[in-house]
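Single-letter residue listing:
Number of protein chains: 2
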Amino acid sequence: MNVFIIGTGLMGGSIALDIQQVFEEAVLYGIDKSPLHLKKAKELGIVHHESSLEELPKATIVIMAIPVDTTVHVLPEILDAVNDQAVVIDMGSTKQQICEVIKNHPKRRNFLAAHPIAGTEFSGPQAAIRGLFQGKTNIICEVEKTAFKLQEKALSIFSKIGMRIRYMDPVSHDKHIAYVSHLSHISSFMLGKTVIEKEKNERDIFDMAGSGFESTVRLAKSSPAMWTPIFEQNKANVIETLEEYIGNLQKFKNLMQEDDFQAIYEEMESTNHIKNILNGIKI
Amino acid sequence: MNVFIIGTGLMGGSIALDIQQVFEEAVLYGIDKSPLHLKKAKELGIVHHESSLEELPKATIVIMAIPVDTTVHVLPEILDAVNDQAVVIDMGSTKQQICEVIKNHPKRRNFLAAHPIAGTEFSGPQAAIRGLFQGKTNIICEVEKTAFKLQEKALSIFSKIGMRIRYMDPVSHDKHIAYVSHLSHISSFMLGKTVIEKEKNERDIFDMAGSGFESTVRLAKSSPAMWTPIFEQNKANVIETLEEYIGNLQKFKNLMQEDDFQAIYEEMESTNHIKNILNGIKI
Numbered sequence: 001m002n003v004f005i006i007g008t009g010l011m012g013g014s015i016a017l018d019i020q021q022v023f024e025e026a027v028l029y030g031i032d033k034s035p036l037h038l039k040k041a042k043e044l045g046i047v048h049h050e051s052s053l054e055e056l057p058k059a060t061i062v063i064m065a066i067p068v069d070t071t072v073h074v075l076p077e078i079l080d081a082v083n084d085q086a087v088v089i090d091m092g093s094t095k096q097q098i099c100e101v102i103k104n105h106p107k108r109r110n111f112l113a114a115h116p117i118a119g120t121e122f123s124g125p126q127a128a129i130r131g132l133f134q135g136k137t138n139i140i141c142e143v144e145k146t147a148f149k150l151q152e153k154a155l156s157i158f159s160k161i162g163m164r165i166r167y168m169d170p171v172s173h174d175k176h177i178a179y180v181s182h183l184s185h186i187s188s189f190m191l192g193k194t195v196i197e198k199e200k201n202e203r204d205i206f207d208m209a210g211s212g213f214e215s216t217v218r219l220a221k222s223s224p225a226m227w228t229p230i231f232e233q234n235k236a237n238v239i240e241t242l243e244e245y246i247g248n249l250q251k252f253k254n255l256m257q258e259d260d261f262q263a264i265y266e267e268m269e270s271t272n273h274i275k276n277i278l279n280g281i282k283i
Numbered sequence: 001m002n003v004f005i006i007g008t009g010l011m012g013g014s015i016a017l018d019i020q021q022v023f024e025e026a027v028l029y030g031i032d033k034s035p036l037h038l039k040k041a042k043e044l045g046i047v048h049h050e051s052s053l054e055e056l057p058k059a060t061i062v063i064m065a066i067p068v069d070t071t072v073h074v075l076p077e078i079l080d081a082v083n084d085q086a087v088v089i090d091m092g093s094t095k096q097q098i099c100e101v102i103k104n105h106p107k108r109r110n111f112l113a114a115h116p117i118a119g120t121e122f123s124g125p126q127a128a129i130r131g132l133f134q135g136k137t138n139i140i141c142e143v144e145k146t147a148f149k150l151q152e153k154a155l156s157i158f159s160k161i162g163m164r165i166r167y168m169d170p171v172s173h174d175k176h177i178a179y180v181s182h183l184s185h186i187s188s189f190m191l192g193k194t195v196i197e198k199e200k201n202e203r204d205i206f207d208m209a210g211s212g213f214e215s216t217v218r219l220a221k222s223s224p225a226m227w228t229p230i231f232e233q234n235k236a237n238v239i240e241t242l243e244e245y246i247g248n249l250q251k252f253k254n255l256m257q258e259d260d261f262q263a264i265y266e267e268m269e270s271t272n273h274i275k276n277i278l279n280g281i282k283i
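Residue numbers (our numbering), protein chains in the order written: chain D, 1 to 283; chain B, 1 to 283.
This is chain D alone, in the form it adopts within the complex (with noise of 0.2 Å):
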């Protein structure tokens, strides 16, 4: 079994480490832009062999895990590359783009769309870890124009790396992500922002900061090369999540600025019920 890792960053070095461990059978073939990082993912176990496009012909398992644009745009020859028996996966926080540009490929059969509901907020090789899908959510969209033995061979791999399946049509996942994960990026960014803006006298920020604060603006930590184009992809749904977050945050502050306590108490009681939605991501 032969698998190939575009991209060996945290998403793909953490899916090659689990793939290894759980078929002993599999050969991992490291595919990235920067030779430093896959110099970086061979040395640390992540792929077995340094590779490159030319050796497309012979992968049985194909993963994407890179920026989302040049998703799009190297998806086509990818699948112009594979044999018939291949199945390539994209693992990208967008899908609706993804599967427009190849929905009249003669090989879309061959294409898995699939958004693993997992990361942290770190990028790179040395980033991969263990055992990250574990327990979480992948959204495969489009299945039924995946081949059926392909879906089957992509499939096991997810169900024993651990991962729950939830089908979904590229549209309705881009505008429900847009709001529980792109939005909570773009709100954890420009929190840092505003602080960073405002305490030039960084001793101000860490001395001061707790755990709350480290919370909400762990996100800006991310990759501003992963997330830029999830964003230009996505961006009429991310616009609209952007136009109710500020519209709720502007209607927070006239409340306040009328001195309507009684209605921010409220505002903030309602919210509270979002302990049952999270306890709900824990199950």
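Everything labelled a hint here was simulated from the structure, so no lab data went into it. Mixed in with the good hints, there may be bad ones.
Copies of the same chain are indistinguishable here, so a pair counts whether it falls within one copy or spans any two.
Here are the simulated DSBU-like pairs of lysine-lysine, each with C-alpha atoms no more than 30 Å apart in a straight line [as the list claims (entries may be wrong)]:
1) K145 / K58
2) K149 / K275
3) K275 / K39
4) K198 / K175
5) K145 / K253
6) K33 / K235
7) K275 / K33
8) K235 / K253
9) K253 / K198
10) K198 / K235
11) K107 / K251
12) K251 / K235
13) K253 / K40
14) K160 / K253
Fit chain B to the supplied structure of chain D, relying on the hints for placement.
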């Protein structure tokens, strides 16, 4: 050593547990407006005795861990009631109004204004945990206005339970804390609200939400009873932070609308710098 804990919830309960551990001779008395909370605090071993304001004259140390509006309201009578060797410490997240209200009190020297930067998103006696303050920063305001021996007494407690001390004037405290704590809470509450409003079908939220969402909305579980008076007392500073935060979000949205994703990239990249600041928190 008679230690009175006024407010036997997360903060008061946690410090009571730590004090018991480091001062074997300490006798803990609990006062709480909720008889149920007080009973629970005794059951959990947080305090030894259920008590009331009438017993305050026998206090060696009084720790106030109640909403900041109630502190402003009752602190003068608590100072009236205590004996001349007692030290009254508050733990509120705002300091200006609290210092202001007792600045001419005949027992001003018996008061120490403190803000331990510690906590969780939970509340009530059952949320109290040992070791909550270990390695955390405690901000002390107007230390020079507290009698020297009483400063020593209070600081020996903070030091024994593992806190680092930072001195600051109340105006600066309230200004900086608006950025690194109060704004985080609002950003989190409004993020939770935005997502709940939109995602009426909650299955869509928790199936798709990952640890990133969980981390950014964690503070939206916080107690409205505790936070409403904090926002009220720190109104001017909080509104300023909100305006800057909304401005930054608006600017981000505009860049997206103008398809200036190079600028979006740069916004995120320059904020990545938050990594170093957060590493500072952990030192």
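> Hint by hint, which ones does this structure get wrong, listed from lowest number up?
Replying inline: Hints 2, 5, 11, 13, 14 not satisfied by this model.
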